[in-house]
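Top to bottom, those sequences are chains R and V.
When you line the first sequence up against my numbering, it's residues 3 to 309, in that order.
When you line the second sequence up against my numbering, it's residues 3 to 309, in that order.
Any given hint might turn out to be false.
Because identical chains share one entry, a pair is satisfied inside a single copy or across any pair of copies.
[Stated by the list, open to error] Straight-line distance between alpha carbons at most 30 Å, and here's what the computed BS3-like set of lysine-lysine pairs gives:
no., residue 1, residue 2
1, K84, K228
2, K228, K267
3, K236, K105
4, K55, K188
5, K228, K15
6, K228, K55
7, K114, K188
8, K276, K188
9, K230, K105
10, K188, K105
These aren't lab readings, by the way, just hints derived from the structure by calculation.
In this text the structure is predicted, and so the values were computed from the model without any measurement.
Protein chains: 2
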Amino acid sequence: MIQGFDDVIAKVKSCGIKKIAVAAAQDSAVLEAVREAKAQGIADAVLVGDEAKIREIAAGIDMDLAGYRIIDEPDMVQAALKAVKLAHDGEVDMYMKGLVDTKNFLKSVLDKEVGLRTGGPLSHVAVFEVPGIDRLLFLTDVAFMTYPTLEDKVNIIRNTVPVCNACGIENPKVAPLAAVEVVNPKMEATVEAAELTKMCEEGQITGCIVDGPLSLDLAIDPEAAKHKGATDRKIQGDADILLFPDIHAGNLVYKCLVHTVPGIKNGCILTGTKVPVILTSRSDTFETKVNSIALAAVVAEELSKEV
Amino acid sequence: MIQGFDDVIAKVKSCGIKKIAVAAAQDSAVLEAVREAKAQGIADAVLVGDEAKIREIAAGIDMDLAGYRIIDEPDMVQAALKAVKLAHDGEVDMYMKGLVDTKNFLKSVLDKEVGLRTGGPLSHVAVFEVPGIDRLLFLTDVAFMTYPTLEDKVNIIRNTVPVCNACGIENPKVAPLAAVEVVNPKMEATVEAAELTKMCEEGQITGCIVDGPLSLDLAIDPEAAKHKGATDRKIQGDADILLFPDIHAGNLVYKCLVHTVPGIKNGCILTGTKVPVILTSRSDTFETKVNSIALAAVVAEELSKEV
């Protein structure tokens, strides 16, 4: 049973080491995370980028580059395209952003020839280990899709279920969140939440249990669900996937968790791609970057099983 | 300097005891909170409602009713109207919901003859004491106004500034929140946040400092603000008022704090009214109810000074 990132890392190790391609690897924070992932037996890396700069930075952080494949490509856009092609061709299992800016990184992910498209839209999932909660929480979308339509929400769920599966959750519970737990025609988020619930009951969304609209207390706190008498709900404080109405709600809750809950851990990936994509931000801690690599590695294993 | 609810309660005591009118007081959770507020010297209460039931419930919780004024009115709607009139006439300093349902309670608040209208719209403020943050945070609107327009947001700020003043914050910093800290024309919340900032700079919003759009980390975490290099911002992790784009974002963050942060404390009131209105929900803890009364009491003192 996976309850936290230590369990995720243990699972990665049992699967055998995975490999990352890094786009423009001349970035000290990224190299430090990659080194830690290798040291912990989570993942190996192919460093694509400006080799001279990579070697200079590595020397500065006392990182031994023996054992890393380095592909020299000083141009960052070209480095991204070469790195993503390795993932596209199946030579590596994950794709990670280095110094290249987010816009060009995403362009490489979406590139029609060498990119990682699968047909559906991409989405972001932030996985949290919250002290006091005995399972991982999968928050989506807190960083990528701004104002998802109903169809987008269906795709977000489809993208996120395999991430839960990878973390040992067979039939995840999906909570489309809102301020309230009853449908209010004046609140689009509650109407769409009810529609998603119905689509799941009718078999249009599979591999999960959807129950919404839900307020956050009913979604994550069994005591609160009991107190409110929510005994007829499919989710009673035991949701796995927290589906947000829009990016403001998602991002504000995400940052609330990161910046107010002591001892919280998280890792994030982009999903809906051929292989998991690691897009950490400069404000992420070292631990979050390593957790993101571990998360991507278990998801890579899961996706390789599905093919 | 007020850093938490203990300081709020200390301030109430220094102001002299305030008085609440309770609408349909035949509710054990409400009576328990009222008793505790009286025991702590925070507030006295006039209990309006079904006297026989009030006495029965009081006996059941071993509460001594000597010293309480009781106005017998078995009909809940009438009880609310009689209780709110006491506040309207200046006989009491605060108005609190008892067993009457929220709809009829709000009707009494908005009643044109005996209610508490001041001309502007009502809004809700949730005040939080978060471990690790050395000041109170004022979240609005997380429970009442669903999709505030720009004009509504101006009114929300106007309603909330006196609550900060009451808690010893002279010139509160207001953070109109969004997923990002830069204006994006495709995100209405960021555009309106910038407009609010400008309106404050131009003197259309007074008594506070507005700086938005802000992400939650820049609003509440000085370390994050420093790390992101936000040295040109008026708010650098030191916001007092967190202004949410809509009720979903607000309510989800509110519940996130309540249900994931150990040791957190909060209290809530309705503002924009002649006297503060206490509208606790059945899911609020006993402590939250008492904190809400204490918060209302300091705000009542502040509003009485303004008259």
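Hint check results:
1. Taking the shortest Cα distances, K84 and K228 never come within 30 Å of each other, neither inside one copy (53 Å) nor across copies (35 Å).
2. For the homomeric pair K228 and K267, the shortest alpha-carbon distances inside one copy (27 Å) and between copies (21 Å) are both at most 30 Å.
3. Taking identical chains as interchangeable, the C-alpha atoms of K236 and K105 lie at most 30 Å apart only when they sit on different chains, with a minimum of 28 Å there against 40 Å within one chain.
4. Taking CA atoms no more than 30 Å apart as the test, K55 paired with K188 passes in neither setting, with 55 Å inside one copy and 37 Å between copies.
5. In this assembly of identical chains, the alpha carbons of K228 and K15 never lie at most 30 Å apart, being 38 Å within a copy and 37 Å across copies at closest.
6. For a Cα distance limit of 30 Å, the shortest separation of K228 from K55 across copies, 27 Å, qualifies, whereas the shortest one inside one copy, 57 Å, does not.
7. For the identical chains of this complex, K114 and K188 are inter-copy neighbours only, at 26 Å across copies versus 40 Å inside a copy, given an alpha-carbon limit of 30 Å.
8. When the C-alpha separation of K276 and K188 is checked against a cutoff of 30 Å, the pair qualifies only between copies, where the shortest distance is 29 Å, while the shortest distance within a copy is 38 Å.
9. In this assembly of identical chains, K230 and K105 lie within 30 Å of each other by CA distance solely across copies; the values are 19 Å between and 45 Å within a copy.
10. Taking the shortest Cα distances, K188 and K105 sit within 30 Å of each other only across copies (17 Å), while inside one copy they are farther apart (36 Å).
Of the hints listed earlier, those the structure fails to meet are numbers 1, 4, 5, in rising order.
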